[in-house]
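So the sequences go chain by chain: L and H. Here the first sequence is numbered in our numbering, starting from 1 and rising by one per residue. Here the second sequence is numbered in our numbering, starting from 1 and rising by one per residue.
Take every hint as true, because none was put in to throw you off.
Below are the SDA-like pairs computed for lysine to any residue, each with C-alpha atoms no more than 25 Å apart in a straight line:
#1 K103(H) to S43(L)
#2 K103(H) to M292(L)
#3 K59(H) to V293(L)
#4 K197(H) to S158(L)
#5 K124(H) to M292(L)
#6 K103(H) to L169(L)
#7 K59(H) to R310(H)
#8 K124(H) to D44(L)
#9 K30(H) to N346(H)
#10 K59(H) to A300(L)
#11 K29(H) to M292(L)
#12 K124(H) to P39(L)
#13 K124(H) to L40(L)
#14 K124(H) to G153(L)
#15 K197(H) to R148(L)
#16 K337(L) to V8(L)
#17 K320(H) to A300(L)
#18 K197(H) to T143(L)
#19 K59(H) to L297(L)
#20 K320(H) to V293(L)
#21 K29(H) to A299(L)
#22 K94(L) to E195(H)
#23 K105(H) to P295(L)
#24 K229(H) to A198(H)
#25 K124(H) to F41(L)
#26 K105(H) to V293(L)
#27 K103(H) to D44(L)
#28 K125(L) to L224(L)
#29 K65(H) to K352(H)
#30 K29(H) to S43(L)
#31 K172(L) to D123(H)
#32 K399(H) to D287(H)
#33 K105(H) to L286(L)
#34 K124(H) to A163(L)
#35 K161(L) to R356(H)
#36 K315(H) to L297(L)
#37 K320(H) to A299(L)
#38 K59(H) to A299(L)
The hints are simulated quantities; they were obtained by calculation from the structure and are not laboratory data. The structure displayed is predicted, hence computed values, not measured ones.
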Amino acid sequence: MGSHFGAVQESYAQDLAIFRTKLHWGALFAFLLFLFTCPLFFSDRMLTIMTMIGIAVISVHGLNILTGYCGQISIGHAGFMAVGGYASAILCAKLGFPFWIALPCGALTAGIAGLIFGLPSLKIKGFYLIMATIAAQFIIIWTIIQLRSITGGPDGLSVPKPAIGSIVLSSKANYFYLVMAFTCLATLLAKNIVRTRTGRAFIAIRDNDLAAEVMGISLWSYKLQAFFIGCVYAGVAGSLLIHYYSFASIDQFPFMDSVWYLGMLIVGGMGSTTGAIMGAVALRLLDELITMVGPILSAAVAPQAAASLALISHGLIIIIFLIFEPRGLHHRWEMIKAYFRLWPFSHEE
Amino acid sequence: MAKIRWLVVSVIMILMTLSVLPDGAEAQKKLYVGGTQSLTGPFAEDSAAVLAAIEDYVKYVNETKNLGPWRKEKFPADITLEVLWRDDELKPAKALSIYEELKAKGMMVARISGSPIALALKDKMWEDRMGATSMATGPYYLSPPQSCFTYYPIYTDSLAAIADWFKANWKETRKPKVAYLTADNAMGRSIEIPEMKAYLEKVGYEFVGTQYVPLVPTSPPTTQLTWLKEKGVDLAVGVMINPGAQPTVKEMVRLGMGPYQPYKMTFGTGAPGHAAVFAEAMGELGDGYVCAGSFRPMDDLAIPGIKFCRDLQDKYRPGKRVTHIMYQAGILEGMIQVEALRLAMNEVPFEKLTRRDVLEKGFFKIKNLETGKISSTPLTYGEGDIEGVDQIRIDQVQKGKVVEVGLTPLRHIFTRK
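Chain H on its own, in the form it takes in the complex (with noise of 0.2 Å):
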């Protein structure tokens, strides 16, 4: 018994020991990509989705080393990719070890799984020249811009363009009452900036206030809707998580509140409140929910994009399939860093690249890449220029279906760089 209990704290020791060495060399011609993900937590279900595309879109990259049906460009033949992750929790502490760590292993480009790493990690990575992918898409990426690239639009931008919309079909001739009903975490405030508040003044709102509701509420947010209504607010408009917006449009019905309810209010979200999923898990209830700067559902098979995303599935995961929109963000993400990748490579040979290289000549240098229409335009980065798509469309459900109802352009709200 002694015997074999010190064989296992000896073995505990040497694991110890050869976890904590520095890594060796790794294998000649592989390039990593991925990076950190918030597999715990609030965006558990989005991160899974994210990560399962990574590891499709790599898969399908180093078998035909092409990067889309629609491209023609093909990644060099003798490079191989392979995905890195570990889960951070959405904890600034681990996602800080989790970036060093995959830093020493030699990897290249990064990705932010939520606004609590945005804010911990943005600067150490422009410091070290990292580009990265980002799944949260926060005003704090515009002061100023630096190495952390969005795919939909910031938030800021997305509530401005749900204010333009409603606007625009606006009838009555007083001014229509705005208000926030928003997340109460780092990415539910981020809207909260004096730009915000200017914008929706200029184009004809009266600002009524704010109100805060948890990022995934244990209770239904009676008191904040019962305020929205007593101040006879006609929109109102946050960033929420799908299950923050879900249980809040429930009590919305349950108030009589809604554009199809007695009492008339809109409710809008910037992604990642996604109208396809919240359509999928709340059916006719939801109908009158708008969302901007989300992706389209999974089943609109029509659009290249998501054919694209169907038939890695079919291929890489039959019978696992990921239903989750965020597969899409997933896509995306892999498809920016690997152009990121070889954009650089175009410059710079494998051997002498760098981080510096990728964030300069790659990430910088992405113009118009193709998205297959999984992005509401193609995406365009550049030093200075972190928000890819140039237009938000906004989506509302309708009969317990998506529905697009409308595109514009980007207002960039957020002016302080």
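Only chain L is shown next, with the shape it has when bound in the complex (with noise of 0.2 Å):
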């Protein structure tokens, strides 16, 4: 046996781990100790911002498996978040249902609604299937609207605080510790699943739909199952933003975050599971970043020069991406992993 110099994989299995080196275990140790250890040095501020990201990590993963790997491009996520969250709420609030049935029960009823607002993808796809989900995303505010007596309307649904046996999740440390779980355990499974037969059947999809027909993969199904995937995971976001809350109101599910939600995906790079996580914490972000901003600009130039300066940077920075790096922060950070690999006998100069 002689040394090895890099990472030599000697099995197709080796091949395929997801943490392949010991830097990889490494960098996950150091990463969960680092979740670990977070309530004890961030503020309520911070941890309030990080478990915001953290659900919409979990968002984003679910729109990137129909979209990024099936191409299924879906602008109705809020409205399948809305489903999640709306069930879970109810079945809490009307029903008594503890946390831990409601949360499951709701991302299934949210990968229902995927699979009945999925149907119009085996018939159409691009703009057409586009303007399907948006319409998706309406009617199911309507219907929320509608259904007065079960969802309280426009005037919302108080939801109680999530609790495992006696112990209430009421301080902002206990739901950061459940959202990061499941932010964790989302990503574990989104990078497991386009591992399987079915997730390269996504992507064969997603390159070609005809050339996978033609090959035997079945678009009837797969593409229903990619809504459905793709759908569970908006319930669990849309169910843990709900209960974070302890109401559930239409008004936190605007169609504007099912856009900026297909954003996170333009900016971290779509197709990448890693690629989602860093498309939603970049805007995130990006998002406090200006709202910090915001009140110094309008001291120093107007007093309006900070309305809509979320909406316009958001915007551009997605414009930049699609001009200027299509592939996303991933392919970016990919290009500055191979350059260190290379280090110090990278081709630049």
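Using the hints, put the two standalone chains together into the complex.
Set out below in structure tokens:
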């Protein structure tokens, strides 16, 4: 046995492993340690931001499976989050279900809603599918408003705090741990889903659905599976969001959020689990940065200088990425890694 | 080039690290007012005026230690006020992190910038014992009354006032027909409660149904208005902001609907469909439009509160005058927040002041707060009493001007407490 330079895989299983090197395992351990100790040194505000980022990451993972891997563009993702959130809220608030049962039920309900609204994808694609998913967003919100006796309509619905046995997850730190656990689980599942036969079928459909069908991939089955899985993720995210607020309201799921989730995917890089995380983190942090910069800009320039700053910057960032880095932050990250892998013998002078 | 790149990366990383660290001890003897604003979105104009007013009022209090020209009480001389605000874009998720940030900075009063934010934050604020002024006044605040305080009437009470006024002027023997014509969002739909419909029927109306108009319409609401015409509606009431009310009335006029049009129908909204803003933009085209619970026009200098607004602007923003009516709302919010802090400090020393003190010994103790007639009556709050005013002023646009046509007591339509 000779010694190796660099990472050498000696089996197919080794090559496919998510964590292949000691560095990978070390980074994972350090990251989990960081997450675990966050509440010790971060303020409530930072925990709130990180919790929101975690929820966004779960949602974007779902959209990534649906859009990034399977190529079924959806601009109704916030609507599916609303389905999961409201289903979970109703089960907890009206029927007294515990959170741990309500959350998977909510996710399942969102998945079923995804199946229903995914049906048009069998006949239409591209621009026409976008229109169908936009319609889904509005139909879902309209339905929630109409079912006033169950959902509270526009007044919303108070939801009890989630609890594990007798422990009520009322503190920011508790809920942060809960969301991060779900985020890690969702990431691991997303990473694995795309490595399965189903994941490969999704990619084949995305790349060329006609060729995929000729190869024997059932478009009917796999497209609906993508909608189901993507919307289950949205349902989990919606449920976590509503339980965090302890209140369900249609205003928590605006149409523009669906657009921004797609934006997160563009910024992070479609068809990449890491990209989905990067996109969600980047746009959420940008949001927070703009919130902090707003008052400074307003004082320095004009009172209304801060108005619409977030909308403008988000739009601008998405345009910039579409033009200069269409493969997203993930691709840029891979290039940086490649640069350091070759360092000091990089190709750059 | 590589060095510059690394330098930029390092600076960004240092800035990000600094931004996530908990805030250190703040300067002594400083109290914060203000809170989250919706400078992006449909309430941007309103919010900008509110923010400008809060800033001006705080400058006034800091400089003079007075609380208003008509008041004798003084704010403690050794304490400085500072305005803290962030733009929440009317997004609940963003408002939540802003709330946490401002709370962590030691803010003991807060504000609500719109119904979506109110629905997301009201329970949290109650848990934190955080008193807040609110630009939104939906009936959700009364189920149960908590710690968000309004300074113009709850929407349903505003509509009840319009209904009472219209009924008092009704000459025909048949029952007048009423319908909701309201914004298609949480604010607009918050009026659809059984108590509201029951009240309308109790005072002698025939309730016909509801039509929704987008908060900011992108096309004239022709279908909705035609439906009202076909149903023979005499009074349409709802809650809208001006960007919704103005195109609606323009289309009404085009369809020949209105108090002075061939098809007689009156359209009334609760504030924030302010008649003063409406009249300024629409002129005589908007004649007949009714608004309840709103503020007076900014040029009505006979009113002490409005003269105070003018004086503040002359002093603190010469040449950059804010003409929007919600400047008055900002002055009210500043007055309420500062008064709550002052009252609390009467009982608890600055060093020991907590959010709970400001709520219980401040907001709850505000009685007959004289506002120079900016609000329709002096403001009174208490535990379980979050609706500051006792009466509602009704304004109508006549010959392009705002005319006060009635003042009715609050009906307290929403009883679910």
